[in-house]
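Visitor: Sequence:
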Amino acid sequence: MMRTVLAVLLALGVASAGEGADKKSDEAKKSEEGKKGKRPALEMRALPRFAFSPASIHFTAELTGGDDVEELYCPDVEWEWGDGGKSQQESDCAPFEPGTKIDRHFTAEHVYQFAGRYLVKVTMRRAGKSMAAQTLQLTVRPGLGDRTNEPN
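Note that the numbering used here numbers the sequence shown so that position 119 is 107, with each residue one more than the last.
These aren't lab readings, by the way, just hints derived from the structure by calculation. Wrong hints could be hidden among the right ones.
[As the list claims (entries may be wrong)] Below, in silico cross-link-like pairs of lysine-lysine (DSS-like), each with a Cα-Cα straight-line distance of 30 Å or less:
1) Lys26 / Lys89
2) Lys117 / Lys89
3) Lys74 / Lys117
4) Lys117 / Lys26
5) Lys89 / Lys109
6) Lys74 / Lys109
7) Lys89 / Lys74
8) Lys109 / Lys26
[What the hints assert, rightly or not] Cβ pair distances, simulated, as ranges:
9) Val99 / Thr52: 21 to 29 Å
10) Leu132 / Gly54: 38 to 46 Å
11) Thr88 / Arg113: 15 to 23 Å
12) Gly25 / Gly131: 43 to 51 Å
13) Arg92 / Gly116: 15 to 23 Å
Computed from a predicted model, the values in this text were never measured in an experiment. Glycine is no exception: its CB is placed at the ideal position from the N, C-alpha and C atoms.
Construct all of the structure, not just a fragment, from the sequences and the given hints.
Guide: Structure follows, in structure tokens:
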């Protein structure tokens, strides 16, 4: 009987030690997630969204919500205009420190000479790695003197 009680106590001790390890690993995971933080979402807008050629369009890319995480600090921002053109904005920033605020607002302007539907893409990169991207469709209608066919 004493051996049975001892065996049960030993089994309970091993089981509770395993549960403690699980709790520690869960706590360690939460701590790691806290260090990474919640990622912001990337949103993009264009003004005007519909225009007549030639059209100068103002684009805004904005990080919304989430925490100021290091991986989105001081990004290079690449704009693909959908007409074969690209632009890139490179950042030069001090090293990231806890509590550093990240830039959340990026703007660019592009002129579309011809009518058409354009798929515009903005990509945020850090150390050559894509961190966030967003696309939108823009419609430019033929303006005075534009011999481009009306977009479908």
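Visitor: Hints first: check each against the structure and report whether it holds.
Guide: Now for the hints, and whether the structure bears them out:
For the hint linking Lys26 to Lys89, the alpha-carbon distance of about 14 Å falls within 30 Å, and the restraint holds. At roughly 21 Å between alpha-carbon atoms, Lys117 and Lys89 fall within 30 Å of each other, so this suggested pair holds. With a C-alpha separation of about 17 Å, the suggested pairing of Lys74 with Lys117 holds against the 30 Å cut-off. Using a Cα cut-off of 30 Å, the hinted pair Lys117 and Lys26 holds, with the two alpha carbons roughly 19 Å apart.
Annotation: proposed proximity of Lys89 to Lys109 holds, straight-line Cα distance about 25 Å (limit 30 Å). Distance hint between Lys74 and Lys109 is fulfilled; the C-alpha atoms sit about 10 Å from each other, no more than 30 Å. For the hint linking Lys89 to Lys74, the alpha-carbon distance of about 28 Å falls within 30 Å, and the restraint holds. For the proposed pair Lys109 and Lys26, the alpha carbon gap of about 23 Å is at most 30 Å, so the pair holds.
The beta-carbon spacing between Val99 and Thr52, approximately 27 Å, falls within the hinted interval of 21 to 29 Å. At roughly 45 Å, the beta carbons of Leu132 and Gly54 sit within the given window of 38 to 46 Å. For the pair Thr88 and Arg113, the supplied restraint of 15 to 23 Å holds, since their beta-carbon distance comes to about 19 Å. The hinted window of 43 to 51 Å between Gly25 and Gly131 holds, with their beta carbons roughly 46 Å apart.
Roughly 22 Å separates the CB atoms of Arg92 and Gly116, a value that falls within the hinted 15 to 23 Å.
Taken one by one, the earlier hints all hold for this structure without exception.
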